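These protein sequences, in sequence, are chains C and A. Take the first sequence: its letters are residues 7 to 594, numbered as in the numbering used here. Take the second sequence: its letters are residues 7 to 594, numbered as in the numbering used here.
It cannot be assumed that every hint is accurate.
The list cannot tell twin chains apart, which means a pair is met if one copy fits it or any two copies do.
[Said to hold, decoys possible] Below 20 Å or equal to it, Euclidean Cα-Cα: the simulated SDA-like pairs (lysine to any residue) are:
#: 1; residue 1: K545; residue 2: P59
#: 2; residue 1: K405; residue 2: D274
#: 3; residue 1: K304; residue 2: A258
#: 4; residue 1: K545; residue 2: A513
#: 5; residue 1: K545; residue 2: A448
It should be emphasised that the hints constitute simulated quantities derived from the structure, not laboratory data. What you are looking at is a predicted structure, and each value in this text was computed from that prediction instead of being measured.
There are 2 protein chains.
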Amino acid sequence: MAEPTLLARYLPILQWGRTYNGSVLTNDLVAAVIVTIMLIPQSLAYALLAGLPPVVGLYASILPLVAYALFGTSRTLAVGPVAVLSLMTASAAGAVAAQDTAEYLEAAITLAALSGIMLAVLGFLRLGFLANLLSHPVISGFITASGILIATSQIKHILGISGGGDNWPEMLGSLASNIGLTNPWTLAIGIPATLFLFWVRGGLKPALLRIGLKPRAADIAAKAGPVIAVALTILAAVMLDLAEKGVDLVGAIPQGLPPFATPSTDMDLIAQLWVPALLISVIGFVESVSVAQTLAAKRRQRIAPDQELIGLGASNIASAFSGGYPVTGGFARSVVNFDAGAETPAAGAYTAIGIALASLFLTPLLFSLPIATLAATIIVAVLSLVDLKTPGQLWRYSKADFAAHLATIVTTLLAGVELGVITGVVVGLLLYLWRASRPHAAIVGRVPETEHFRNVERHDVFTVPHVLSIRIDESLTYLNARWLEEYVLERVADQPEVRHVILMCSAVNEVDASGLESLEAINHRLSDSGIDLHLSEVKGPVMDRLKRTEFLEKIGGRVFLSQNRAFRELSRDNADPSLPDDIARGLI
Amino acid sequence: MAEPTLLARYLPILQWGRTYNGSVLTNDLVAAVIVTIMLIPQSLAYALLAGLPPVVGLYASILPLVAYALFGTSRTLAVGPVAVLSLMTASAAGAVAAQDTAEYLEAAITLAALSGIMLAVLGFLRLGFLANLLSHPVISGFITASGILIATSQIKHILGISGGGDNWPEMLGSLASNIGLTNPWTLAIGIPATLFLFWVRGGLKPALLRIGLKPRAADIAAKAGPVIAVALTILAAVMLDLAEKGVDLVGAIPQGLPPFATPSTDMDLIAQLWVPALLISVIGFVESVSVAQTLAAKRRQRIAPDQELIGLGASNIASAFSGGYPVTGGFARSVVNFDAGAETPAAGAYTAIGIALASLFLTPLLFSLPIATLAATIIVAVLSLVDLKTPGQLWRYSKADFAAHLATIVTTLLAGVELGVITGVVVGLLLYLWRASRPHAAIVGRVPETEHFRNVERHDVFTVPHVLSIRIDESLTYLNARWLEEYVLERVADQPEVRHVILMCSAVNEVDASGLESLEAINHRLSDSGIDLHLSEVKGPVMDRLKRTEFLEKIGGRVFLSQNRAFRELSRDNADPSLPDDIARGLI
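For reference, chain C alone in the conformation it holds in the complex (with noise of 0.2 Å):
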């Protein structure tokens, strides 16, 4: 495949676009129409979960999804509001404004403003590997307590009462001292919603394949059931006047198109909301991407994760101008696009022309909806986030990986999302950091009869007193500088015979500046003790560098092809009568 034109890699609609075709068109078409019946009770609920009127989440599901169709790379990604986003909304939205008030809807589309520069910032500067210090064991970690998090939010609206908190201990607290003014209709509405729907989610499907559903056709049919929810209880707010025992409804939702929204321009608000902002931002990138890639590898297609942070960037920017809030690709909505065989970004397109036609002509109907059955979607939706495996497997297998897997739970349950994904970056880079700075370096010797040098710790090998072999596994950088020097002339300070040192760079992919100062400081120290340091098997790229330098002109020793060289040189060197053998038969 040929490089595509700058113009062509910034809209890659210009690509897709050429072959587009009649039979393209109705697979898109097919998957349009799954994929809105399946939108339209999730916009309603996640806008519920970010403490937003509804309609805000059909909004968001209309706009950012063309903006994507333009700009992104996934052929089959699906845009919108997601669980972990809309949690994150609303606990930045609710530092700033009460709920329900103008400021806390405006607080939600400076925030999906934001995020969109900032994603779109990050794409055009080619920034998209900062998304890399979210490890899998923060990610995962940060998912199982957000599903925690969001389905204990929802808990008060399956019970009819009130409730708040950003983190667990006020969730539970605010439940618990409120339990008492449970309302019987409310639960009787969410009880069986959420049972139904956990039923949907582990039953449904195999029922349908026994009844003679073919198994794609029962898989996408099993999605629907949130729809079959909404309008059971619908049926039944209407038939047994809920509202009037009490029941919390969905109610009016205005009828018509997004409106057309401003983001604030308050620097206040902005200083407020900009670190939410950039976690929403990466957090939204890193799910996204996932999805992306799992969904391409599928077809043999690829993505382009810079491209991607601009396409995501102009969703959230489309988002925020039709009054929504931040969206990112979505991982169920993603994949029952693919399964209902989208081809094309052109599918989101004509996702996005359904929700506008429900908006206009479908909300009327949803007058009637329980709050509670919306919340019950919510539940099971996010308890399948939640994973319970993970920590056991990560403790088995790398304590740093569990330290930053369970620093991430606990902080995020006890402190909130944004501290709890901040928390997990930290620990995980600190983590990482003190590994860097005290990297793998072994002390070799030579493996009789061959030319192999291998640790002196771990096999039997050849080594004379005279010389130390240090094997350096690690590029040479500013973060481990300061430990090659005290490994070495700690090594030396063992080994009083030594009068030559050789450092063996077979694994010294670099050598930055900081590490470049290290060796000459290193240097600098043996030549005072009359030691010579010599290097052995220095990579091309690296000796191209130090050929810019005068570390090879001040060197006590000198720079060999081999280890097997250096070390047969130098221990003849002063060869003495009590060397071994093999030094006579000429091995070394």
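Given the structure of chain C, go ahead and fit chain A onto it with the hints provided.
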């Protein structure tokens, strides 16, 4: 040397104290006298630089030295006020209070206390490795920029005008607007004093050698230059009655021992000061450890960096409680101490006694010392810190290191010391993470007639189309896990005939949980395409951990001890007649 007991580790005096005798005492006493003479003008000058009353500099040179003698591990480090920390103290204290107020002094004392506590905590937690985050290019950039800032800040004292500013543009602006008010008498003291001190630094030692002094004696005598300048300008001030002519003099310094002071416990103040205190701690620690390591290596001694943190922490706490400000091990004074023959930290304690005697009896003599003399001392001392060679060397050696260096210099000059350090650390870390996220890897083939495998792009090697061998030159960690997936899958996409992928892991020292997940994802996706994933040359410790997981059972292919064996067996696997001769020759 036996491992010290826990108590002896935390109280190094228990080790060196046991062998203390008369000849060591004599050497230490001589060194103490010389250092005391040098320290008196320096302490006054640095207190001036910190914006504090001169006597605070003396206080900071008494108890901190005793504390370091008890807890420090360097035999010859001389602790006290230093230029860079004085500038950082002025910047931090100036942000919360106006100079010459009780609040300003309290802020300086509190900075010392916070910094002392942080250093000690870092030491007990053995977190000294965090200082590695300051790379050589960042430190040297910071020192150069600080030298320029400090010298600029002192010009006003040479001119006898007032001025201020935390950064270069502010300082230059305030100088430019006040230069018309220059006091000619101050200038007449300041310019000759500066020139004299420059000559002392460059020309005095050769002159002393010419008149027959021994090199070491000449060295030490040259360091006494500031004392001569102090004496001469005091004389001039008294004889010419310069106070009458508007020349600023040191004035009355309270006589007596340091008072008992208490740092503030006001949480608002601490909230404002903790970031500068942390930066002061890290910069101070890095400066001190570099000096201590250099001197220790000259005598084949060792220092213990984590215990150094405790020693410097104790010094700063001692400084705070005796009315001083942040201190650390200084370069110039430590070298003088070393050259003058100090053998143990006791020399520091004797110096403390010397300074205490001076603050009891000598301070009246300093009444008429012109401030311009102290400013000249500072200017001459810090201009030697400015290093104009390093930027060019870094540019030639490593563009990334040059970028971190330049960013540190520019930010320090334009935005002050705190932002300068932070920028340097962040830029250095980002560049490191960027490189760590794109490690080196290569497709390898067999060097004909050998068992060696080399990069196909650099060597003329043998490969077969259905076997793809990829050598990974880095540990697999979360920073490069996403890269690994992309790299392997893209190489496979480029070579459609591939049926076997061999990852050659000879340089993989570690696979963390994210790396493992990426290997699993690669295996999964390759399996989907009917390709087997194999590993070769997996190191022992890595293999041990992989065995604790299900990965080795799930993997489509096998784990081979050597790359050669893997390649030989897999190329044979579906050998076809078009393969070259050396298969027939049994070489693969």
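Cross-check of the supplied hints:
In this homomeric assembly, K545 and P59 never come within 20 Å of each other (Cα to Cα): the closest approach is 62 Å inside a single copy and 57 Å across copies. Proximity of K405 to D274 under the C-alpha cut-off of 20 Å is found in neither arrangement, the shortest distances being 42 Å within a copy and 38 Å between copies. For a Cα distance limit of 20 Å, the shortest separation of K304 from A258 qualifies neither inside one copy, at 42 Å, nor across copies, at 82 Å. Taking identical chains as interchangeable, the C-alpha atoms of K545 and A513 lie at most 20 Å apart whether they share a chain (8 Å) or sit on different chains (13 Å).
Taking the shortest Cα distances, K545 and A448 sit within 20 Å of each other both inside one copy (19 Å) and across copies (14 Å).
Hint compliance for this structure: hints 1, 2 and 3 are broken, all remaining hints hold.
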